[in-house]
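Asker: The chain contents come next:
There are 6 protein chains.
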Amino acid sequence: ERDKYENNNVAGVVTGLAWTRVGGDILFIESILSKGKGTLSITGNLGKVMKESATIAMEYIKSNAKTFGINPEVFDNYNVHIHVPEGATPKDGPSAGITMLTSLVSLFTQRKVKKNLAMTGEITLRGKVLPVGGIKEKILAAKRARIKEIILCDENKRDINEINPEYLKGLEFHYVSDMSEVVNIALTNTKVKNAKTL
Amino acid sequence: ERDKYENNNVAGVVTGLAWTRVGGDILFIESILSKGKGTLSITGNLGKVMKESATIAMEYIKSNAKTFGINPEVFDNYNVHIHVPEGATPKDGPSAGITMLTSLVSLFTQRKVKKNLAMTGEITLRGKVLPVGGIKEKILAAKRARIKEIILCDENKRDINEINPEYLKGLEFHYVSDMSEVVNIALTNTKVKNAKTL
Amino acid sequence: ERDKYENNNVAGVVTGLAWTRVGGDILFIESILSKGKGTLSITGNLGKVMKESATIAMEYIKSNAKTFGINPEVFDNYNVHIHVPEGATPKDGPSAGITMLTSLVSLFTQRKVKKNLAMTGEITLRGKVLPVGGIKEKILAAKRARIKEIILCDENKRDINEINPEYLKGLEFHYVSDMSEVVNIALTNTKVKNAKTL
Amino acid sequence: ERDKYENNNVAGVVTGLAWTRVGGDILFIESILSKGKGTLSITGNLGKVMKESATIAMEYIKSNAKTFGINPEVFDNYNVHIHVPEGATPKDGPSAGITMLTSLVSLFTQRKVKKNLAMTGEITLRGKVLPVGGIKEKILAAKRARIKEIILCDENKRDINEINPEYLKGLEFHYVSDMSEVVNIALTNTKVKNAKTL
Amino acid sequence: ERDKYENNNVAGVVTGLAWTRVGGDILFIESILSKGKGTLSITGNLGKVMKESATIAMEYIKSNAKTFGINPEVFDNYNVHIHVPEGATPKDGPSAGITMLTSLVSLFTQRKVKKNLAMTGEITLRGKVLPVGGIKEKILAAKRARIKEIILCDENKRDINEINPEYLKGLEFHYVSDMSEVVNIALTNTKVKNAKTL
Amino acid sequence: ERDKYENNNVAGVVTGLAWTRVGGDILFIESILSKGKGTLSITGNLGKVMKESATIAMEYIKSNAKTFGINPEVFDNYNVHIHVPEGATPKDGPSAGITMLTSLVSLFTQRKVKKNLAMTGEITLRGKVLPVGGIKEKILAAKRARIKEIILCDENKRDINEINPEYLKGLEFHYVSDMSEVVNIALTNTKVKNAKTL
Ligand SMILES: [Ca+2]
Ligand SMILES: [Ca+2]
Ligand SMILES: [Ca+2]
Ligand SMILES: [Ca+2]
Ligand SMILES: [Ca+2]
Ligand SMILES: [Ca+2]
Ligand SMILES: [Ca+2]
Ligand SMILES: [Ca+2]
Ligand SMILES: [Ca+2]
Ligand SMILES: [Ca+2]
Ligand SMILES: [Ca+2]
Ligand SMILES: [Ca+2]
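Protein chains in written order, with our numbering: chain A, 61 to 258; chain B, 61 to 258; chain C, 61 to 258; chain D, 61 to 258; chain E, 61 to 258; chain F, 61 to 258.
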């Protein structure tokens, strides 16, 4: 499955970690732009809380456009669509927040996403990263998918400390408390191939 | 039933494979344009996930109009209606995604759809094709309907390998991982009779 | 009851055949125009699938206006209201599709509907007529209501063949596979009295 | 209760007959105009079918404005509000249709409603009056409320014939099949006091 | 609790009487204006019927602006918000109708509300006041809250007559049948302090 | 957890006290502005009553902009987003009202919020503060989070009086009855660092 996804030539595709009824799993956040009037659409069989995460991420970016080097006119002239593949699986909860934010910043800046990186964490409107549950199962799923680096809220460090170090071999952890850290770690300074001019 | 449908003189009609409570079945995706302001309507007694597939297909085409040779002004000046016949049967799930995409590309380009071809697969916003379930039942239904060629996600090849080869006689399979492959296989380079000028 | 309805001096009133919990029944599709901005409203205690039939009929007509001799500006300057009387009875299913289409074509062309005619069949977006259920009960109801001619999908012919010919005396059947056939059989080339100029 | 309501100095107030869980009852349809953009609002704790009756009545009037002597510009420049008092009682069903229509015609023409008159009947889009249920209970309620004249669908005559004539003393019945008859019976040719100029 | 509320220096705050699962209670209707385009918003954990009362009150005032001395342009240039405090308690039913109307007239005219006054009654679109239930419990709640005057529908007089006169000491009742009476009793001819110029 | 939040360098972040199924807790209200047309969006897995609190707070501020020193044009030119973090927890009830109001006033004035302060109370449209439940549990949660000052409705003083004074050591209480008092206590007269010019 990883072969299919590890390609990071497209902006807006970021790997998240999810906790499902059958254990941990990786998921992908995709986002695209199309000429329009600034609407935000969200698909992927998502529940209310996960849709709210997308709204929060979008509003945070609008409110901090300058920080991210985004021309605010983009928000009025393009529609944004965020999708989480595998529509057969219902998905919910706040833990994809930082993944959605990273996807949108990549989309609006056309910056390349770092390879072999996954993340999980709730976002807040003022740019904080909050801890989330299911860390152990998510880490195991990340390993199976050959992820090398993982971004977590620093308050989730205690969950990592409780995992047998054997299982953590080959994984590098980044503990963050603020969205700016997430973006700095996850996005390279290179633009994607055929980057759109926005 | 096939007699009625195999005619491919109209753009936007594509054959899909569905998995229902009573086994596999073929279904048809129809789409039409009418002068308007760019709305998308979707009918056919569809569930939430299947409606989302239509949205994803539409957004993907809008975002990649140039690749498909579509003038983006069409999106503002026409309404699109996607319908899945047999309204008495509730339908849901992501597996009609690539069929909907193919229907819409045919509609916007007025290219003829290949005859005796069916397909099943989920689509993602960045143009990937994902595997779907119920492959065995769908293949049997395709044979009954005298389909000759079938498009599947390459990750569904393992499901085909588990089927008794006897049942697969007379069927040609195309395994794909990207939407561009689907469109290349499914759409001919000939326009339909009385093609609309868009 | 027939006395009341057989009058065909008004455009847009067409007789359909319904299958209800208490057996077959006839129903009437009425549609009217009023000056407006092109909205479509639908009443009559209808379920989701039956409302979708109205949308499909309307979209089909918009997309094929020229074929029906309809000036497409009408769609922008008039509101359409479709109603199915007897609001106390919940109604659903796709089988009123061709009746709704016929009603709308009569309305937009002001052509008179043939007398003593009833019909039942699902419509598709590309103009096909699909078979529907409950044929035996519907035919008996048509006879009780002194209907003389009935339009059915040709795939429903097998259902008629299973009925005791005794019951079919005095009924003429038209088997169709395409909407254009329905319209040709059901609408006369005469305009209704006091036809509106659209 | 009648004292309060028999006053017919205001346009748009018409007496209907309802059939509730606790027997027959009279109800009042009130409608008013306010400067606006043509919206229709409906209150009174009404179910879906009863709200549809209001829509049907409104659409019928719009489509036949000339017949009723109504300037169609009124529909664009005024909002209409229809209300059925006694909000604590849920109300539904199609039988208030002709009462709503009469209320709206009185409102738009400012013609006075006849005194001591009540009515019950479903309306259709092309102006037909359909029979309704609960006739016996409704008649008894009308008598208790000192109603003198009652408008019914002519197909409800059979229900009246089954009632002990003793109970019908002092009641005059009007049997109708078309809305124009309802309006002719119910509305006087006098305008209400302080009639609005529309 | 009364201390907090008896202040009538603000326009639009009127005391109503409610009937809840735990007996009678007083409630307050508050309304405010803000510059806008004429929207009406309603909060306070209210059910459908109580929200309809707010709509009816608003429409009645719009339709009778002249009578109340209100410049109708106000309706287009201000948004109205009606709120019923104590959001933890669900509230429903039509009996706050006359209280809402009084609140809105006070708001639009900036007239002071009479002190120590409470009211309960349904309103109709043509300005009638209808009787409501729970009178005994409401009266006792009013006494506990040191209310001195109460407005009721004249048809509720019979409910007062059934109450032990002992309980009614110190209460003055106003029986009304029309909204104009309510407004005349409840609103003084003095404007509130710092009255807004509308 | 407090370390993360006590920073008050950003406008619009205020600490509230909540009462959940597992006892008292602190929560944070965040709000941000982005260029727009004046919409209000609300997230955080909130129920109907809590969303209404946000609407009430917003309307109150709009109606009293001058008092708060806010240029009313801001309301037309910016969108407001209010969020309550920890999306996994459903939240409802009116007790965050004064916290939301304080957050919004801080946002629109860019005034700094006092440190180590928390609050709980319902708001009304005319600026009153109403008492709320769960005071004991909320106070204990505030202590655990090292809160130093707490704002409560003066009618909640009786709840504090019932708590063992031992538990209240190190806490200072402010009892209020009006929103203006809340704002005066909670907001400093200093602007936040990098205050936006609105
Ligand atoms: Ca997976
Ligand atoms: Ca930290
Ligand atoms: Ca089938
Ligand atoms: Ca592949
Ligand atoms: Ca019937
Ligand atoms: Ca055929
Ligand atoms: Ca009654
Ligand atoms: Ca008749
Ligand atoms: Ca109370
Ligand atoms: Ca009276
Ligand atoms: Ca917490
Ligand atoms: Ca006080």
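Source of the hints: derived by calculation from the structure; they are not laboratory data. Be aware that one or more of the hints could be misleading.
Same chains, same label: a pair holds when it works inside one copy or across any pair of copies.
What the hints assert, rightly or not - Heads up, simulated DSS-like pairs for lysine-lysine below, C-alpha to C-alpha not over 25 Å straight-line:
hint, residue 1, residue 2
1, Lys-256, Lys-229
2, Lys-151, Lys-95
3, Lys-111, Lys-253
4, Lys-229, Lys-175
5, Lys-108, Lys-229
6, Lys-196, Lys-253
7, Lys-95, Lys-175
8, Lys-126, Lys-172
9, Lys-97, Lys-196
10, Lys-126, Lys-256
11, Lys-251, Lys-151
12, Lys-95, Lys-126
13, Lys-95, Lys-111
14, Lys-256, Lys-203
15, Lys-203, Lys-108
16, Lys-95, Lys-229
Asker: If any of the earlier hints don't hold here, list their numbers in rising order.
Answerer: 1, 2, 3, 5, 6, 7, 9, 11, 14, 15, 16
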